[in-house]
Amino acid sequence: MPASASRLDPDRLLTGGLRLCAAFSAALLILVVIFLLLQAGPVLDAIGPWRLFADDGWFPADTAAAGQFSIVALLAGSGAVAFGATVLAAPLAIASAVFCRFVAPPRIGQLFRRMLEVLAGVPSVVFGFWGLVVLVPLINRWQPPGASVLAGALVLGLMILPTIALLADSALRSVPRATLSAAAALGLSRWRTALQVALPAARGGVVTGIILGVARAIGETMAVLMVCGNVVQVPASVFEPVRTLTANIALEMAYAYGDHRSALFLTGLVLTLLVIALVLVAELGRGANARRTAHG
Amino acid sequence: MGDRLLAGVCWLAAGIVAGGFAWLLGDIVMNGLGQINLMYLLMPVADAGRAGGIGPVIVSTSLILVVCLSVSLPLGLATAIVLSEADDERWFGRLVRRSLDVLAGVPSIVFGLFGYAVFGLALGLGFSILSGGLTLACMVLPILIRSIEQGLRAVPIDIRHAAAALGMQRWRTLVAVLLPAAAPGVLVGVVLGIGRAAAETAALLFTSGYVARMPDSLLDSGRSLSVHIFDLALNVAGGEPRAYAAALVLIVALAVVNLTAISLSERLLSSRINPA
Amino acid sequence: MLPIWRLLLVLSAVVLAACGNGQTTTTVTLTGSSTIGPVMTEVARRYEAANPTIRVDVQTGGSSRGIQDARTGLADIGMSSRALKPAEAEGANQHILARDGVAFLLHASNPVDSLSDDQLRDIYLGRISNWQQVGGKDAPITAISRANGRSELNIFQDYFDVAERQIKPDLIAGENQQGIKLVAGNPDAIIYMSIGTAETDQQAGVPIKLLPLAGVPASSQTVADGSFPMSRVLILVTRDDLAPAAKQVLDYALSPAVHDLIEAQAFVPAR
Amino acid sequence: MKSTVTPIRSVVAESAPPALAIQTKDLAVHYGALCAVRGVSLQVPQQQITAIIGPSGCGKTSVLSSLNRLTDLIPGARVSGQILIDGADVLWPAYDPVALRRRVGKVFQKPNPFPLSIARNLDLPLRDQGVRNADERAGRIEAVLRRVGLWDEVAQRLDMPAQQLSGGQQQRLCIARALVLEPDILLMDEPCSALDPIASGVVEGLIEELRGDYTVVVVTHNLQQARRIADHLAVFWTSGDAGCLVEQGPAGAIFDSPKQAITAAYLDGRCC
Numbered sequence: 000m001p002a003s004a005s006r007l008d009p010d011r012l013l014t015g016g017l018r019l020c021a022a023f024s025a026a027l028l029i030l031v032v033i034f035l036l037l038q039a040g041p042v043l044d045a046i047g048p049w050r051l052f053a054d055d056g057w058f059p060a061d062t063a064a065a066g067q068f069s070i071v072a073l074l075a076g077s078g079a080v081a082f083g084a085t086v087l088a089a090p091l092a093i094a095s096a097v098f099c100r101f102v103a104p105p106r107i108g109q110l111f112r113r114m115l116e117v118l119a120g121v122p123s124v125v126f127g128f129w130g131l132v133v134l135v136p137l138i139n140r141w142q143p144p145g146a147s148v149l150a151g152a153l154v155l156g157l158m159i160l161p162t163i164a165l166l167a168d169s170a171l172r173s174v175p176r177a178t179l180s181a182a183a184a185l186g187l188s189r190w191r192t193a194l195q196v197a198l199p200a201a202r203g204g205v206v207t208g209i210i211l212g213v214a215r216a217i218g219e220t221m222a223v224l225m226v227c228g229n230v231v232q233v234p235a236s237v238f239e240p241v242r243t244l245t246a247n248i249a250l251e252m253a254y255a256y257g258d259h260r261s262a263l264f265l266t267g268l269v270l271t272l273l274v275i276a277l278v279l280v281a282e283l284g285r286g287a288n289a290r291r292t293a294h295g
Numbered sequence: 000m001g002d003r004l005l006a007g008v009c010w011l012a013a014g015i016v017a018g019g020f021a022w023l024l025g026d027i028v029m030n031g032l033g034q035i036n037l038m039y040l041l042m043p044v045a046d047a048g049r050a051g052g053i054g055p056v057i058v059s060t061s062l063i064l065v066v067c068l069s070v071s072l073p074l075g076l077a078t079a080i081v082l083s084e085a086d087d088e089r090w091f092g093r094l095v096r097r098s099l100d101v102l103a104g105v106p107s108i109v110f111g112l113f114g115y116a117v118f119g120l121a122l123g124l125g126f127s128i129l130s131g132g133l134t135l136a137c138m139v140l141p142i143l144i145r146s147i148e149q150g151l152r153a154v155p156i157d158i159r160h161a162a163a164a165l166g167m168q169r170w171r172t173l174v175a176v177l178l179p180a181a182a183p184g185v186l187v188g189v190v191l192g193i194g195r196a197a198a199e200t201a202a203l204l205f206t207s208g209y210v211a212r213m214p215d216s217l218l219d220s221g222r223s224l225s226v227h228i229f230d231l232a233l234n235v236a237g238g239e240p241r242a243y244a245a246a247l248v249l250i251v252a253l254a255v256v257n258l259t260a261i262s263l264s265e266r267l268l269s270s271r272i273n274p275a
Numbered sequence: 000m001l002p003i004w005r006l007l008l009v010l011s012a013v014v015l016a017a018c019g020n021g022q023t024t025t026t027v028t029l030t031g032s033s034t035i036g037p038v039m040t041e042v043a044r045r046y047e048a049a050n051p052t053i054r055v056d057v058q059t060g061g062s063s064r065g066i067q068d069a070r071t072g073l074a075d076i077g078m079s080s081r082a083l084k085p086a087e088a089e090g091a092n093q094h095i096l097a098r099d100g101v102a103f104l105l106h107a108s109n110p111v112d113s114l115s116d117d118q119l120r121d122i123y124l125g126r127i128s129n130w131q132q133v134g135g136k137d138a139p140i141t142a143i144s145r146a147n148g149r150s151e152l153n154i155f156q157d158y159f160d161v162a163e164r165q166i167k168p169d170l171i172a173g174e175n176q177q178g179i180k181l182v183a184g185n186p187d188a189i190i191y192m193s194i195g196t197a198e199t200d201q202q203a204g205v206p207i208k209l210l211p212l213a214g215v216p217a218s219s220q221t222v223a224d225g226s227f228p229m230s231r232v233l234i235l236v237t238r239d240d241l242a243p244a245a246k247q248v249l250d251y252a253l254s255p256a257v258h259d260l261i262e263a264q265a266f267v268p269a270r
Numbered sequence: 000m001k002s003t004v005t006p007i008r009s010v011v012a013e014s015a016p017p018a019l020a021i022q023t024k025d026l027a028v029h030y031g032a033l034c035a036v037r038g039v040s041l042q043v044p045q046q047q048i049t050a051i052i053g054p055s056g057c058g059k060t061s062v063l064s065s066l067n068r069l070t071d072l073i074p075g076a077r078v079s080g081q082i083l084i085d086g087a088d089v090l091w092p093a094y095d096p097v098a099l100r101r102r103v104g105k106v107f108q109k110p111n112p113f114p115l116s117i118a119r120n121l122d123l124p125l126r127d128q129g130v131r132n133a134d135e136r137a138g139r140i141e142a143v144l145r146r147v148g149l150w151d152e153v154a155q156r157l158d159m160p161a162q163q164l165s166g167g168q169q170q171r172l173c174i175a176r177a178l179v180l181e182p183d184i185l186l187m188d189e190p191c192s193a194l195d196p197i198a199s200g201v202v203e204g205l206i207e208e209l210r211g212d213y214t215v216v217v218v219t220h221n222l223q224q225a226r227r228i229a230d231h232l233a234v235f236w237t238s239g240d241a242g243c244l245v246e247q248g249p250a251g252a253i254f255d256s257p258k259q260a261i262t263a264a265y266l267d268g269r270c271c
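Residue numbers (numbering that gives the first Met the number 0), protein chains in the order written: chain A, 0 to 295; chain B, 0 to 275; chain C, 0 to 270; chain D, 0 to 271.
So here's chain A without its partners, still in its complex pose (with noise of 0.2 Å):
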């Protein structure tokens, strides 16, 4: 084993620098943070945590009183707009899933998937251009005044939906065809098969990509931003408009200065915050789902 020592080099060196590199990847998330934190602590020292909650609305900017920084309408319109999309999309999404894979013809399926795989490269812009000029409209027809809740959960449904369904439909393709062909074996139905066999062997792929789909929802700027209305409210129904976090950035971000600008910067924290907590929520249930699974 001379050469042993002067071999292991090399590998080293390589499993160094592959380090390096990961945790460089991993440092961007705590530098992101940091920085953010940075730029949020003048109005974090100035009004303290609780405001943001407690105050009489979202007047950052107001010229007569003090700035005003609570920030409940706008988690609540980017609340809304996530879960009506979401509610929307996955369902369809899964339908659309279990459609290529269990019912259409195959060259359809394909033709679908591919579909989908155009929809799911739609740049979100376009999807807001088209809510706004298409869409809105029509809601407004029925329940003005259009922009609204609805609108925003329509077109991210839209938006999200490719990502949710191609997720599920890589999840379902990689149920292992051992498994399908026992369903098949024992007689099972089609719909039991695709339901009762396939569906919750897949499941890990299909909640991964509900969360994605979530997490895509929150974090979506241009498009609720052009269809969602932007009024500073807690939405009392779909029809009602609201203002979104990131919304809200982009609206005034040009515009902001001094207070306000570092207030933008605290909603983007308290974004940043609110995926965090999705994940480890997610990160939860998989454990739970790991731990049942283990059990059962």
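Some hints here could point you the wrong way.
What the hints assert, rightly or not - Ranges between beta-carbon positions, derived for each pair: (1) Arg-227/D to Val-8/B: 20 to 28 Å; (2) Val-28/B to Thr-52/C: 25 to 33 Å; (3) Thr-178/A to Ile-15/B: 27 to 35 Å.
Claimed, not checked - Taking lysine to any residue and the SDA-like style, the derived pairs with C-alpha atoms no more than 25 Å apart in a straight line are: (4) Lys-167/C to Arg-50/A; (5) Lys-136/C to Arg-50/A; (6) Lys-109/D to Ser-180/A; (7) Lys-208/C to Phe-23/A.
The set of hints was computed from the structure by calculation and includes no laboratory data. Glycine is no exception: its CB is placed at the ideal position from the N, C-alpha and C atoms.
Based on these hints, arrange chains B, C and D on the given structure of chain A.
Here is chains B, C and D on its own, set in the frame of chain A:
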């Protein structure tokens, strides 16, 4: 009975999705197609986008993507390799994975804020293609890593064991065996990254800027196609027809990249499958 | 970590810049109001064509941003669609580029042809919510206001003397064209907007109409002769120590040579 | 060069105990809290074929994997005891597993060629070992393909993806790949179980041809196969919660007169 019901529900769902898709795309194609010709693709922007073409915008978009990928791809590849081999029980792998999960969910506008302050202000790059590309690189990194890692993990464990049993060095196993085997996954990751980056608007508004002139270097500000659409749609009076045209160009370009890569990766995969 | 990065970036930037262009050029940066952005973009193009060694970059953000950037030196010239506040005026010079009015806009099919100042105020304060109350058909009013930081909002507030929190809008628009599209797609909507922008869209066939204010018709002419009451100035902001190249760009932008460009965007050049 | 004398099983059985290629002492393999096998003191004679037999789940594969420390790659796996090869304990932390694996090759249950061309599958390990001369590599590749009887079948299409070969051909390629590094010891984990009977027969014949040139340790479920090819036999069983080694010795002796009642029952097919 159940089968009929399932089939009905699925056809209905697929119909709704396809209908929405056709509506959206039909609208864009009908309004945009008439505007597009070769001159439109090559000419410089004129009259705030209402006239002329989108030549410089296409060049800027490509340059932003090149910067984005040339930074994120090596970094993503390295991280994905570490993750695909990391034991999830160990703290390092777990830490990296969790922070990437979170990073994947961070809204693009937050990356925009980050890029503006870090690349634009702190590093002094200002509004430039370099700032925009680097910002997008941060943004697509998690997506890239996730799909490359999946590609690497899809390489059967047998093959790693075979390499180990031959006493092969790690780097050679990686370079000669694992990466070629994971090529389809890497390709899919790159395509997803390109798609996400090319579609991004919010993060570019504050980093690569609005300037629609042909860029001379990466330090010039350059308007991406998505920003161009946004600008025409929301800033320029009478910009709507051209917004449709630019949207159509972007969608078609992304679809072409997407479908080429998918068929390529399927060909790569199928050449590996034992016909016996 | 950071210095190494910076070094690498600067190095690569230098290399790229070197192979990109051998000629030395000076860059003049403008930031600020998205209302002025399109005008200055055209001005910059014309200027560059005549002066190949000077590059003019126009970035749009907002008026406040433009003023800030010009004062901190991030930009050579700031663009603002409102006059400077006293606190902002310190150490900054303002140059009037053009004038613009802010007027109320309805869908072209709306039968209402005029609204008094009180009616307008009541609509935006939420006291009037149906067109019937002001002589129109029986339909709910969609009152569209503008997002925080837009100079139109400031001008609106000044003119009607209301605080931001008193305004009860049905929708809020950010950029001009978002507002235009909302009105074009909604026969019952009302919005306030730059007259210049609105006229351009009107000429392009967008179904909108401008309401007179206090009896004065909303048009470029009334803005030009100073009779339109709700008007604003579009200004360029500079510091005292202006770089020579920036000074040239400024002078050019304020010269009659670009009046046609300003008028093409339906603003009234300052004379 | 290795000995070309082919020892005959009966001769070995009656002669003095041969030299040992591998000797384990009190070997145990744990996966997390689970103990797969414990108390194994296995003796593998040099240049013979040693078959490890026993019912499923009795730790045969775990023992085999530990012999060239492939257990290092399994998360949570822990190996204790001693594995002596040439008098050195390979479990000693400073022992270089890479060098070990080049001396102790392995063939897996399922054929696992790299998803590369046939030639590249063999070329890669040679390159990795520092064989720089292309002609030399080509020569060794041809030699080893001839050795496994694959040369005539694939000589014309060395650039074909290895995964397009049939299962039996793939397994022979994997054996060739293990042999191309000229190891002393070859570990084989049920090398025929994933193959059809004909391919299985071909591979079995190949294993027999390796007798005398290599020390072969083969795990098998197939008692007939063990009877046909083994010089030396090790029988594993599950006792309590973990596997253990119940009996080992010359194959003929054990097949004819097993010392343990369990072994006798197993060999007769009277249990499980």
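Quick rundown of the hints versus the structure:
{"no.": "1", "hint": "Arg-227/D to Val-8/B: 20 to 28 Å", "verdict": "58 Å, violated"}
{"no.": "2", "hint": "Val-28/B to Thr-52/C: 25 to 33 Å", "verdict": "43 Å, violated"}
{"no.": "3", "hint": "Thr-178/A to Ile-15/B: 27 to 35 Å", "verdict": "29 Å, holds"}
{"no.": "4", "hint": "Lys-167/C to Arg-50/A", "verdict": "23 Å, holds"}
{"no.": "5", "hint": "Lys-136/C to Arg-50/A", "verdict": "44 Å, violated"}
{"no.": "6", "hint": "Lys-109/D to Ser-180/A", "verdict": "21 Å, holds"}
{"no.": "7", "hint": "Lys-208/C to Phe-23/A", "verdict": "56 Å, violated"}
Hint compliance for this structure: hints 1, 2, 5, 7 are not met, and every other hint is.
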